[in-house]
Amino acid sequence: MDAISTAVTLAWPLLFNPTQFGNGSGYRQSTATSVIYEGRESLPLEAMELEALSVEGHSAALDWMLLAKDALPNATPLTSEERSSINEFFWSHFK
Amino acid sequence: MSPVEDFSRFATIIPEEHLPALANNLRRIPDFSWLLDLPHAEIERLQGDVLSNFPTVFLDEGGEPRSREFTVLVLNNTCDLPDDRLDFITTAPIVDFNKYLEFERERQYRDKNGLADWEKRRIEDRLQEYGRVLRNNDKTEILYLPPFSDFTHGALVLLHLVCSVSAKLYYDALRQGRRVASFTQTGFYFLLIKLTTHFARAKASEVARANGA
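Keeping their order, the protein sequence lines are chains P and E.
With the first letter of the first sequence counted as 1, position 38 gets the number 38 in the numbering used here; the numbers rise by one all the way through.
With the first letter of the second sequence counted as 1, position 43 gets the number 43 in the numbering used here; the numbers rise by one all the way through.
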């Protein structure tokens with residue numbers, strides 16, 4: 001973990017106050033990615049901290065896409081035949 | 001080293017203490033029994049929660065609204081679910097995995113009388129393979145869920161068929177106890193992985209956009 005990542009990770013619990021968003025329930029369920037963006041929107045951070053979060057948010061998003069690709073390496077969209085099939089099945093619920 | 005073996009690089013986006021469990025569970029694929037649990041007891045509103053008998057609406061090819069109740073998966077971020085942040089809820093319908101495969105089997109045999117045994121075997125093999133691919137979560141538009149509630153053979157979340165519904169109906173569903181499942185912690189990460197794979201996977205290199213200013 002690089003210095004910025006470490007700093008952001010360690011600083012996060014101090015910077016983020018979930019009660020700023022409604023009842024604050026469920027924040028422990030968020031990913032760090034979404035948490036970083038929320039923090040960037042609403043917290044009075046110093047310029048240095050903002051820059052760190054911005055860099056971190058960007059790389060985290062890319063890391064996340066990488067993880068998604070690694071976790072499902074064989075993922076492909078439905079073929080046209082498969083799309084027809086699942087959509088026909090879906091619409092059959094309305095008959 | 002397999003792609004999911006080195007998890008240290010993801011420590012910046014997933015709390016470090018969750019990484020071993022996520023790595024272990026991803027290695028269990030196609031066993032997805034770790035995705036879902038009973039509705040979370042303490043937190044009433046979570047991204048990925050499954051609600052039964054929830055109203056949905058879709059426009060058909062003639063532009064006509066078609067409405068029906070489905071079991072649905074809540075797509076909104078948990079942070080957007082509190083009262084003062086929610087006017088509409090975005091949901092994806094869920095259908096029965098086994099019923100879909102049965103439907104597809106009938107569809108494959110439709111208007112095909114007098115098939116030879118080898119042709120029937122080919123259809124059955126194709127169906128089996130299609131079922132395996134769906135259960136592996138290898139189709140980007142479809143999230144396979146392991147058995148839960150009335151879906152005793154698993155279920156399919158149709159991520160290409162999302163719809164928006166007034167939040168009031170969501171509150172009604174919560175009040176009436178229509179939450180039937182929540183994602184586990186590692187299951188939730190997989191939900192995000194699946195959403196990323198569907199909505200934000202890398203484009204083919206031939207999809208070139210303008211560079212902008």
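Think of the hints as simulated: they come from the structure by calculation, not from any bench.
Treat the hints with caution; some may be incorrect.
Derived SDA-like pairs (lysine to any residue); straight-line CA-CA distance at most 25 Å [unchecked claim]:
1. E:K203 <-> P:L78
2. P:K69 <-> E:L38
3. P:K69 <-> E:P15
4. E:K168 <-> E:L38
Outcome of the hint check:
1. E:K203 <-> P:L78: 16 Å, holds
2. P:K69 <-> E:L38: 28 Å, violated
3. P:K69 <-> E:P15: It holds: about 19 Å lies between the C-alpha atoms, which stays within 25 Å.
4. E:K168 <-> E:L38: With a Cα-Cα distance of about 23 Å, the restraint between K168 (chain E) and L38 (chain E) holds, given a limit of 25 Å.
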